[in-house]
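My request is simple: use the sequences and hints to build the entire structure.
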Amino acid sequence: MAQLSDAALDAYLSTRVWQGCSGAYAIEEQDDPYVRVVQGSLTNVIGLPMETTRIVLRWLANIPALDPGGG
Numbered sequence: 077m078a079q080l081s082d083a084a085l086d087a088y089l090s091t092r093v094w095q096g097c098s099g100a101y102a103i104e105e106q107d108d109p110y111v112r113v114v115q116g117s118l119t120n121v122i123g124l125p126m127e128t129t130r131i132v133l134r135w136l137a138n139i140p141a142l143d144p145g146g147g
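All the letters of the sequence shown, read from the start, carry residue numbers 77 to 147 under our numbering.
A hint or two may mislead.
Pair ranges (Cβ atoms, derived) [stated by the list, open to error]:
id, residue 1, residue 2, range
1, R130, Y101, 23 to 31 Å
2, C97, R134, 13 to 21 Å
3, N138, A102, 33 to 41 Å
4, Y101, M126, 17 to 25 Å
5, W135, T91, 40 to 48 Å
6, R134, V113, 27 to 35 Å
7, I122, S81, 23 to 31 Å
8, S90, L136, 40 to 48 Å
9, Y110, A137, 36 to 44 Å
Since the hints were derived computationally from the structure, they do not count as laboratory data.
Note that the coordinates shown come from a computational prediction; the quantities given were computed from them, not determined experimentally.
The C-beta atom is built at its ideal place from N, Cα and C for all residues, glycine as well.
Structure, rendered in structure tokens:
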């Protein structure tokens, strides 16, 4: 990973696009000048692995509902 120069870092900070972002960076932004490659799941890098979430939700859907009477 390339290091940012002080001038590049100052320029990024002055844009304020980092505000409200986890880790002060939003990898999902298009035309990103800093991210060149994402290996694996982009949704996992962002924070919620949708591929795994889909598998778990499908698995949960096959579990019978609990009896409201407690039995």
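Structure-inconsistent hints, enumerated in ascending order: Going through the list in order, the structure violates hint 2 alone and respects the others.
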